[in-house]
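Enquirer: The chain contents come next:
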Amino acid sequence: MSLYPGAQGANILRDLVATIQRNAAYLSELDGAVGDGDHGVNMSKGFGMALQRLNADADVSGVLDTLGNTLLGEIGGAMGPLYGTFFLDMAAACRGKADIDAATFGAMLRAGLDGVQDLGGAAAGDKTLLDTLIPAQAQYAAALAEGVPFAEALKRMAMAAEAGRDATLDMVAKIGRASRLGERSRGHVDAGAASCFLILGSMAATLVGGLTG
Amino acid sequence: MQRFVNDPGQVVEEMLQGFVKAHPDLIAPTPNPRVLKYAAAPMAGKVGVVTGGGSGHKPAFVGYLGHNLVDAVAVGEVFTSPSAQAFYDAFKAADSGAGVACLYGNYAGDNLNVKLARRMAEKDGIRVEVVVANDDVPSAPPDERGKRRGVAGEVLMWKVGGAKAAQGAPLDEVIRVAQKAIDHTRSVGVGLTPCTIPAVGKPNFTIEAGKMEVGIGHHGEPGIEVTDLKPADEIARLMVDIVLPDLPFNSGDEVVALVSGLGATPVMELYILYNRIEALLAAAGLRVYRPYVGNYFTSLEMMGATLTLMKVDDELKALVDMEADSMGLKQLPKRGNV
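Protein chains in written order, with this note's numbering: chain A, -8 to 204; chain B, 5 to 342.
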């Protein structure tokens, strides 16, 4: 059975930070079309701070805990609490696991999704990061139920996340600052949906690259 | 940018440090650099009054820390909600054991962070109740009032809630009057120019020369319509015509009227606006019980103004009249009433 070694937990965060920082300008540009254009700056700042606080020996749960707490503590706006909750709930779902197997990651994804939905109160189709996260989680769970290998399930998750992000292009925002724009929000990819794809895509790539057995 | 800025990423930190130095009698720092408190807070037995929000709205929010007003404020980046941690730390800084009234504005980020901060405070046994200001008429239709933003009416909510808490009222009473204040309050804004977040470096929305945006939000959120710029008297009429029918305010009502600049508009022009607003209110049979004209809740260097009306009864009048001392609002006890 494929496992992601807990000893490589720090790599997940290092790759996430690199991905977010590489795409900071792109995220801010997306945000600027309908919001105040600071999504990339804030995400980059928060993820970067988490890296500074990282205990290099921490397991996956510990790493995600540091990331979640940093986002919750340092990044305001809507993204700080939403992603903070996402990572904290993922961390709680793998606490005490030496290594991460496919089922554990499924539980983490489910917990993260539940946490974000409970806090934010948005629904599918509201043009938020949930439009990336909901199909990604559903696709991963379906792949698991089919019994496909861990790596393949992760790839399907990332592809569903990407398609979910793209689907926000034609949506009208129903919640958050962009919702004030009504129809004017149509025609822009949601910045949160875009960052959520980057996060899930990065995590999938790191896990796939680190799988043993 | 023609602005007084060092590192655009550090404007909030440097502003807060200067603010603490400038008001040592009123303001005290806390262990969280993003939380400031009234120097005398927490006061034994008194409900703690907390607010918070993005920076760039001076005097809001830290400018209302003070005597008979707000006890602790969570401070966010420019136009960005404070973190959940900052709200939580503000609750702790304000709580004396009598609970905390968190009086803030209706924005997605603030709602999420306050919600998380309340969960954190609950675990500590700190009771936190909230009132979410939604006085901005143009931001949603009347049947969707829950979606409306909080704007300058927040100042009146803090004034009323802060006064009630200072009287020693229990938390439920403080919440009741603060909610009553905002339920009796309606606002509208008119923007003449956009504003620039220092870290972004360019305006993130546009208002063309010769145009104005009626119903603009405190962060440049689009309003009801963009029209040709009109003389001040006509703008005053537009604002009054949007606010009056919404509550509605009726002939015979007494109101607190607050005209606030949005940052760059000369105070002179606020009085030009108020001159006509008062006349229009009088013509509609309304009496201004107490006017406030000045920069009470701004949006960086936006040209523009907001009009806020609060319908007052004896209870609200007494709380509005209570003396107060803060950077943004200094008020002596009411004179002339025998």
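Source of the hints: derived by calculation from the structure; they are not laboratory data. If you're wondering where the values come from, they're calculated on a predicted model, not measured in any experiment. Quick reminder that beta carbons are idealized off the backbone N, C-alpha and C, glycines included. Take the hints with a grain of salt, since some may be wrong.
[What the hints assert, rightly or not] Which residues of chain A face chain B? A few of them, derived with a C-beta cut under 8 Å, are:
#  : residue
1  : M(-8)
2  : L(-6)
3  : P(-4)
4  : D27
5  : L45
6  : G71
7  : P72
8  : A129
9  : L160
10 : V163
11 : E174
[Said to hold, decoys possible] Residues on chain A that point at chain B, a partial pick, calculated with CB under 7 Å:
#  : residue
12 : E65
13 : G87
14 : G167
Enquirer: Taking the hints in turn, state whether each one holds.
Expert: Hint by hint, here is what the structure shows:
1. About 36 Å separates the beta-carbon of A:M(-8) from the nearest beta-carbon of chain B, more than 8 Å, and the hint is not met.
2. Of the supplied interface hints, the one on A:L(-6) is violated, with its beta-carbon coming no nearer than about 33 Å to a beta-carbon of chain B, more than 8 Å.
3. Using the Cβ-Cβ criterion of 8 Å, the hint placing A:P(-4) at the interface with chain B is not satisfied: the shortest such distance is roughly 32 Å.
4. Against a cut-off of 8 Å between C-beta atoms, the interface hint on A:D27 holds, since the closest Cβ of chain B lies about 5 Å away.
5. Checking A:L45 against chain B by beta carbon gives a least distance of about 18 Å; that is not within 8 Å, so the hint is violated.
6. Hint status for A:G71: holds, given a least beta-carbon distance of 5 Å to chain B, under 8 Å.
7. Interface restraint check: A:P72 against chain B, minimum CB-CB distance 4 Å, threshold 8 Å, status holds.
8. Nearest Cβ of chain B to the Cβ of A:A129: about 24 Å, over the 8 Å cut. The hint is violated.
9. For A:L160, the interface hint is violated, since its Cβ never comes within 8 Å of a Cβ in chain B; the closest pair sits about 20 Å apart.
10. Among the interface hints, the one on A:V163 is violated; its C-beta lies about 14 Å from the nearest C-beta in chain B, farther than the 8 Å criterion.
11. Because the closest C-beta pair between A:E174 and chain B is about 11 Å apart, greater than 8 Å, the hint is violated.
12. Below 7 Å, beta-carbon pairs count as interface contacts, and A:E65 has one with chain B at about 6 Å; its hint therefore holds.
13. With its C-beta approaching chain B no nearer than about 22 Å, A:G87 sits outside the 7 Å limit, and its interface hint is violated.
14. With a cut of 7 Å, the hint placing A:G167 at the interface with chain B holds, because the nearest CB-to-CB distance is about 4 Å.
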